[in-house]
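Based on the sequences and whatever the hints tell you, model everything.
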Amino acid sequence: MQNVLSISSMSFFRRPNPRLLVFLLLLASVGYYTNRLTDPPRPSRSPPQTRQNDANFDLPLAEVADPVQMQMHVQAPVTVTVMPPPATITVEVEAPQATVTVTNEVFIPKAEIPSEPLLLTGPPTMLFKDNLRPDVKYITSWPGSGFTNDVMAYMNLLYLALLSQRVPVLPFFTPTHVKKVGTIDFGEVFDIPRLSQAIGHPVLEWWQVKDRDSKLVEPIGCWNIWQAVSSQNKGPHFTSGPQRMHLDVSWTVAPKWIKLFQGDEQHARFTSLMALTFPEMRRKSLSTPAKSPILKQQLPPDESMTCFDNMYWMANTEAHELGHDYSTAWRFIGTNLHFAPRVEELAHQYLREAFTLGPSEPIPPYIAIHVRHNDFKTWCRVPIEECFAPLSAYKRRVDEVQAELLATKGITVARVIVTSDEKNSSWWDETASYGWQHLNHTLTGATYGNWYPLLIDAAIQSAGAGFVGTDLSTVSLLAKLRVNTWQGGATRMVKWGKLGADDH
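Just so we're aligned: 399 in my numbering is position 373 of the sequence shown, and the numbers increase by one with no gaps anywhere.
These are calculated hints, taken from the structure and not from any lab test.
This one's a predicted model, so the numbers in the text were calculated from it and none came from an experiment.
Keep in mind that a hint or two might mislead.
[Unchecked claim] Straight-line C-alpha distance at most 25 Å; calculated BS3-like pairs for lysine-lysine: (1) Lys241 - Lys317; (2) Lys282 - Lys310; (3) Lys421 - Lys449; (4) Lys403 - Lys449; (5) Lys241 - Lys310; (6) Lys282 - Lys317; (7) Lys435 - Lys524; (8) Lys449 - Lys521; (9) Lys155 - Lys206; (10) Lys449 - Lys435; (11) Lys403 - Lys421; (12) Lys317 - Lys155; (13) Lys282 - Lys421; (14) Lys241 - Lys322; (15) Lys322 - Lys260; (16) Lys206 - Lys403; (17) Lys155 - Lys241; (18) Lys206 - Lys521; (19) Lys310 - Lys163; (20) Lys282 - Lys403; (21) Lys260 - Lys206; (22) Lys403 - Lys310.
See below:
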C-alpha cells in the first residue's frame, strides 16, 4: 500500500496530467465556495468589534472562524460588511410618527394656554350677591336719561371701570323715548366681545349675574351723585332699572367735592368718583343712608358692587366734553363701542333697499342726515317754522360735505339718506325733491321689535362717508364722532333756535 502510494505520488509529479490538474482545481474551488455559503457562523468567542457602516448603524462585522477552519479556506483575514436588516428600516419609517405625537403633548402644555379670568361663581343666580366672587370688584350704574344719553352714560361707566380697575356690570336700556316696548340688553345693541378685546378689560351684563326670572327682592347700597351735584335735585336720578331687577336700593348722598364746578352745574369729576370706589375715601365719605323703599333697610354703598344712580353728567375739565377731541370717555371707550353684528347686518339690508341695490351689490359711499324735531319743540322760544332750520340749510351743509370729500378723498358722493323723527308727510316730500332717500320703517317694529328703527338709523348714520346732523342733539353728536373716527369722513352740524340760525 505504501509502495503504491509512493509510486503514484512520484508518477504524479514526474508526469503531470494537465486535464487532471484543471479538474482538481475546479473541484477545490466549488468545494470552497459551497462551504462558505452553507456553513452557519459559529458563536463568537469574544465581544465582536464594531464600526459605523454607511447607513449610520452600529452593527458587528462578520465574525472570523477559528484558526483551523481559517487555514483550510482562506490564506488571509477577510472583512465582510453586513447590510442593515429589514427591521431597522421599519424603525426608521415609524420614528416621525412618534415624534409628532410627543410634540403635541410636550410643546403645548395645558398650563400655558391663556384662559378667561373667572369673574363670577357660575351661571346667573336668584340673588346677585351669590354670584359675586370675593376676589373680584365690580361697578355698575342705572339707565334713565333716554337711549342715546344712556349710551353716553354707559361709556362713562366703562371708562370709570378702567380707572377704578373694577369689572363693569352693564344693565339694559329702558324705554324712555321709545314707547310701548320692553327693555333691551346692552349686548343686543353693541358688540361686547369686540369692546372687551379692544379695551383689554372684561365686561359683564346684569343678566349674567342675576337670573332674569328671579323675583327675589334683595337690598343694595348705592351712591346718590345726582343730589350731591345740585341743590335743585331732591333725590337720586330717576331710574326704573333697580326695580326691574328687584333690587331695593338704599341711597347714600355723595360728598359735595365730587362736583366739577361750583354752584348748581351738574357735572361730577371722573377722578372724584374713582376715589369713592376705594376703601379709604369711601370710609371718609360715608353719611347716613336713606331707607330702601321696600325692605326699609339702611345700607352703606356696597364695597363689592359699587353703584351710582346715573353717570351721564361726567367730565374731566369742562361740561359736556364728549364732543371735544380730548374726551377720555370717547377716546378709550366710544371709539371701540361698535354696533352688534346683527344691527350692522340690518343696516346694510335697509341701505340696499333704499338705494335699490341687489343683495350682493356693494353699498356705495353716501351722506347721512339726521334731523331732530320732535322733542326739541319744547326748547323753542319762537314759532316752530322759525325755530327749526329749513331743509335748505341741511342742503347747504350737504354740499359742503360733498365738496370736502371730493377735495380730501377724491370721491364724488351723490347718494344722500335722511333719518328723522319728523311725522309731517309734506316735510318728507320736500326731502325727496332734493333727490334724497329715506328708510322704510313701516314693518320694522313688527318684524324686529320697536327698538330696531332707532338702532338701524343709528348704525346707518354712523357708516356714511359724510354726515350732517342737528346741533345740540346727542344722537347727531354720536353719529358725527363715529363718522369722524370710524370712516375718516366729513361732518357738519346745522344750528337752529331762531330764523337764520345756520346762516354763514
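Against the structure, the hints:
Restraint check for Lys241 and Lys317: the C-alpha separation of about 21 Å stays at or below 25 Å, so the hint holds. As the CA atoms of Lys282 and Lys310 are separated by approximately 13 Å, the hinted pair is consistent with the 25 Å bound. A threshold of 25 Å between alpha carbons decides the hint, and for Lys421 with Lys449 the separation of about 20 Å falls inside it, so the pair holds. Between Lys403 and Lys449, the direct Cα distance comes to roughly 13 Å. Compliance with the 25 Å bound is thereby established for this hinted pair.
With a C-alpha separation of about 35 Å, the suggested pairing of Lys241 with Lys310 is violated against the 25 Å cut-off. Restraint check for Lys282 and Lys317: satisfied, since their Cα atoms lie roughly 21 Å apart, inside the 25 Å limit. Pair hint Lys435 plus Lys524 does not hold up; C-alpha atoms about 35 Å apart against a cutoff of 25 Å. Taken as a hint, the Lys449 and Lys521 pair is honoured in the structure, with Cα atoms around 21 Å apart against an allowance of 25 Å.
Taken as a hint, the Lys155 and Lys206 pair is broken in the structure, with Cα atoms around 32 Å apart against an allowance of 25 Å. In summary, the hint linking Lys449 to Lys435 is not supported, as the alpha carbons are separated by about 36 Å, beyond the 25 Å threshold. Distance restraint check for Lys403 and Lys421: the Cα-Cα separation of roughly 22 Å lies within the 25 Å cut-off, and the hinted pair is therefore satisfied. Taken as a hint, the Lys317 and Lys155 pair is honoured in the structure, with Cα atoms around 20 Å apart against an allowance of 25 Å.
Pair hint Lys282 plus Lys421 does not hold up; C-alpha atoms about 47 Å apart against a cutoff of 25 Å. The hinted pair formed by Lys241 and Lys322 meets the criterion: a straight-line CA distance of about 18 Å does not exceed 25 Å. Restraint check: the Cα-Cα separation between Lys322 and Lys260 comes to about 19 Å, which is no more than 25 Å; the hinted pair holds. As the CA atoms of Lys206 and Lys403 are separated by approximately 22 Å, the hinted pair is consistent with the 25 Å bound.
In summary, the hint linking Lys155 to Lys241 is supported, as the alpha carbons are separated by about 14 Å, within the 25 Å threshold. Under the criterion of a C-alpha separation no larger than 25 Å, the hint pairing Lys206 with Lys521 is inconsistent with the structure, at around 32 Å. Among the hinted pairs, Lys310 with Lys163 is consistent with the structure: their alpha-carbon atoms are about 19 Å apart, no more than 25 Å. Straight-line distance between C-alpha atoms of Lys282 and Lys403 comes to about 34 Å, which puts the hinted pair past the 25 Å bound.
Note on Lys260 and Lys206: the hinted pairing is violated, with a Cα-Cα distance of about 29 Å set against a maximum of 25 Å. In summary, the hint linking Lys403 to Lys310 is not supported, as the alpha carbons are separated by about 45 Å, beyond the 25 Å threshold.
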